[in-house]
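Dock chain F against the given chain W, drawing on the hints supplied.
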Amino acid sequence: MNSVLYLSLIVIVYLFVIAYLGYYGYRRTKNTLDYLVAGRSVHPFIMAVSYGATFISTSAIVGFGGAAAFFGMGLLWLTFLNIAVGIIIAFLVFGKRTRKMGHNLDAHTFPELLGKRFRSSFIQGFSGLVIFVFMPLYAAAVLIGAARFIETTFAAVDYNIALLIYTLIICAYVLAGGLKAVMYTDALQGSIMFIGMATLLIFTYAKLGGPVAAHQALAGLVDKVPQKLVGLGHLGWTRMPALGSSLWWNLVSTIVMGVGIGVLAQPQLAVRFMTVKSAKEINRAVAVGGLFILCMTGVAFVVGALSNVYFVAHPQFGKISLAVAEGNIDKIIPTYINSAMPVWFVYLFMLTLLSAAMSTSSSQFHAMGAAIGRDVFERIIFKGKHTPYSVAITRFGILAGVVVTVVLGYRLPGSIIAIATAIFFGLCASTFLPAYAGALFWKGITKAGAIASMFTGFLGTCLWLLFVHQKESEALGLCNLLFGKPTLANFPWTVVDPIVVMLPLSCVVMVLVSLMTKKVPGEHINKCFKHV
Amino acid sequence: MAGLPFFLRKEVSMAFLGIDDPAIWSAYVLCIVSAVFCVVYGILNWEKGDEAVYPEDIKWVKDEKIAEEDL
Numbered sequence: 009m010n011s012v013l014y015l016s017l018i019v020i021v022y023l024f025v026i027a028y029l030g031y032y033g034y035r036r037t038k039n040t041l042d043y044l045v046a047g048r049s050v051h052p053f054i055m056a057v058s059y060g061a062t063f064i065s066t067s068a069i070v071g072f073g074g075a076a077a078f079f080g081m082g083l084l085w086l087t088f089l090n091i092a093v094g095i096i097i098a099f100l101v102f103g104k105r106t107r108k109m110g111h112n113l114d115a116h117t118f119p120e121l122l123g124k125r126f127r128s129s130f131i132q133g134f135s136g137l138v139i140f141v142f143m144p145l146y147a148a149a150v151l152i153g154a155a156r157f158i159e160t161t162f163a164a165v166d167y168n169i170a171l172l173i174y175t176l177i178i179c180a181y182v183l184a185g186g187l188k189a190v191m192y193t194d195a196l197q198g199s200i201m202f203i204g205m206a207t208l209l210i211f212t213y214a215k216l217g218g219p220v221a222a223h224q225a226l227a228g229l230v231d232k233v234p235q236k237l238v239g240l241g242h243l244g245w246t247r248m249p250a251l252g253s254s255l256w257w258n259l260v261s262t263i264v265m266g267v268g269i270g271v272l273a274q275p276q277l278a279v280r281f282m283t284v285k286s287a288k289e290i291n292r293a294v295a296v297g298g299l300f301i302l303c304m305t306g307v308a309f310v311v312g313a314l315s316n317v318y319f320v321a322h323p324q325f326g327k328i329s330l331a332v333a334e335g336n337i338d339k340i341i342p343t344y345i346n347s348a349m350p351v352w353f354v355y356l357f358m359l360t361l362l363s364a365a366m367s368t369s370s371s372q373f374h375a376m377g378a379a380i381g382r383d384v385f386e387r388i389i390f391k392g393k394h395t396p397y398s399v400a401i402t403r404f405g406i407l408a409g410v411v412v413t414v415v416l417g418y419r420l421p422g423s424i425i426a427i428a429t430a431i432f433f434g435l436c437a438s439t440f441l442p443a444y445a446g447a448l449f450w451k452g453i454t455k456a457g458a459i460a461s462m463f464t465g466f467l468g469t470c471l472w473l474l475f476v477h478q479k480e481s482e483a484l485g486l487c488n489l490l491f492g493k494p495t496l497a498n499f500p501w502t503v504v505d506p507i508v509v510m511l512p513l514s515c516v517v518m519v520l521v522s523l524m525t526k527k528v529p530g531e532h533i534n535k536c537f538k539h540v
Numbered sequence: 020m021a022g023l024p025f026f027l028r029k030e031v032s033m034a035f036l037g038i039d040d041p042a043i044w045s046a047y048v049l050c051i052v053s054a055v056f057c058v059v060y061g062i063l064n065w066e067k068g069d070e071a072v073y074p075e076d077i078k079w080v081k082d083e084k085i086a087e088e089d090l
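Top to bottom, those sequences are chains W and F.
In terms of the working numbering, the first sequence opens at residue 9 and continues consecutively.
In terms of the working numbering, the second sequence opens at residue 20 and continues consecutively.
Rather than coming from a laboratory, the hints here were simulated on the basis of the structure.
Glycine included, each C-beta is placed from N, C-alpha and C at the ideal position.
Do not take every clue at face value.
To be verified - Facing chain W, according to a computed beta carbon distance under 10 Å, are these residues of chain F, among others:
1) M33
2) A34
3) I38
4) C50
5) F56
6) C57
7) E70
8) Y73
9) E75
10) V80
11) D82
12) E83
13) D89
Stated by the list, open to error - Between beta-carbon pairs, the in silico distance windows are:
14) F:D82 with W:F463: 26 to 32 Å
15) F:I51 with W:E482: 37 to 43 Å
16) F:K84 with W:K391: 51 to 57 Å
Chain W on its own, in the form it takes in the complex (with noise of 0.2 Å):
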C-alpha cells in the first residue's frame, strides 16, 4: 500500500511539472513570430528529443522489447532502421523538403499537405479517414504497454483499473495542455526517457557479468527454446531465425520492415518537420535524435533478449521470459523491471514509460482529432472555409479517439502491442509513402497517381490482412466466414507481411498512372517547390 502510495505522489509532483512547463512553454511562444522573426529558434536538443518522445513510446519499450525476449536480438536490425531511415532520411531527406513544402502551402497537417500537393479534396479527406479510422489501434498498443506496466508493478491492481487509471492520467495530460505539442513538455519527457534507460542498460548488463558475459550467457540457452518455436525457425536468442521460417517472415518483414519503413509516413511525426525555422535546425538535431533511438529501442531490444539470461538463471522462476509471462509478451518488460531492478528503479522506469506513453498518446489524439476536424468536414464539408464547427467536431474527434482506444485497450488480446503498431506503421507505408515521397520528390507525378497509388497501397493491405496474413486473417474470421478456411494463400505468404508486395505494387501504380495522366500545371509546382 506504501509503494501504491509513494507512486502516486511521485506521479502527481511529475504532472504538476508538466502542466507548468506546458504552461512556460506557451507564454514563451506567445508572440506568435517571436521564433522565426526575432531570431529565436528550439534548441535542436529540444526539437531532437521532442520528435523522438513522440516517435518512441510503451509500445516500442515494452511491446517491442517483449518482442525481442521472443525473438531474440535479430530485432536491433530494426534499430538499425530506426536510425538509418527514422532518423538520417526522415529529416535529412524527407525533413528539409517537408518543412519546405508544408510552409509553401500552408498546410497544417499530414492529409492536408498531401492534399494540396495534389490539389485534391478527396486525397486530404481520404487520407484523414484513414488516420482517424486506424490510428486507434496504434493508440491502444501505447495505452496497453502503460496499463501492463502498473498492472505488473501493483499486485492490487488488476489490468482493467490500470487501463483506467492510465486513461484519466492522459485525459488530465490533454486538459492541461498536452494537446499544444510543446516542445519542452517533451524534452522534459525525452530527458526522463533517456535517463531512465540508460540506468536500465547499465544495470542489466552489470548484473549479467558485462556484455559479452551476457551474450555468451544468452547464446547458451539455445536448449531452451520451446520446440513448437523450433520448428518455427528459432535457432536461439543469438541467432536470426532460420531463413525462410515463418519467424523469419514474421521478425523481417512485419516487425524489421513494417515499423522500419512505416515511420516515414507517420503523420503525426512528419508535421513536427514544418515547426523548424530551418534547415540549420534539422541537421543539429541529427545528432542528438541518432543517440536518442539508440538509447531508446536499442536498450528495449537488448534488454528484452537479455531477460531470458536473468528469469532462467533466477531460482523463483527457472525459466525463459515467454514462459514466466506465461505466453503474454506484453507482460516480459514489465516483470523484468519489476523483479529484477531495484524499487527506486521501478519508479523511475514508470515515470520514464508514462512520459513515453504520454508523449506519443498526445501527439496521436491530437493527429486524430486534426484528421477529422480540419482534413475531413472542414475540407470535404465546408470547402476549405474554417468555422466553429471544424473546432467542435476537432475536439469531438480527439474525445471519440480517447474513446476509442480506450475500447480497443479492453478488448484487444494478449502480445498485441508490437503486432497493432506493425499493422498501423504497415498501412500508412502501403497507403502514404509512395505519393508522399513522390509529392516532395518527382514533380512529374499526377493528382491520379497520388490517388491510385494510396487506394492500391490501402485497399491491398486491407484485403491482404483479410484473407491472406493468418494471423489477421484468421483472427478477423471474413476469410473462414466467406470460404471455410482461415487464409486463401499457402505458405510462405500467409506470413508475408503486405508491406512487401503493397509498397511496391503502389510505387509501381503511381509510376504508370502518373505516366498516362495529366500533369500538374506548371505554376502550381512551382509554389510547391519554391525555394525547396
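Just chain F now, kept in the frame of chain W:
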C-alpha cells in the same frame, strides 16, 4: 555455399561481443555506427543550413498559432 554472402554461410564462426551469428552482431555494430554517424554529421553541419525567412513561413506560423488557440 561459397557463393553465398557471409551471413548466410552457416559454417562460419565469427564470434564478436559474445555473439557468434554475424547477422546479429553486424546489426549491433550498425546500430552504434549509425548513431555515431548522426553525431558526426550533426557536429560537421552544426552551422550549416541557415535559411531566409519568407512571407509564406511567417504566414504558416500565424495560421498554426490560430489553429492551436482555437483548440
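Next item on the list: Of all the hints given earlier, name the ones this structure violates by number, lowest first.
Entry: 1 and 16
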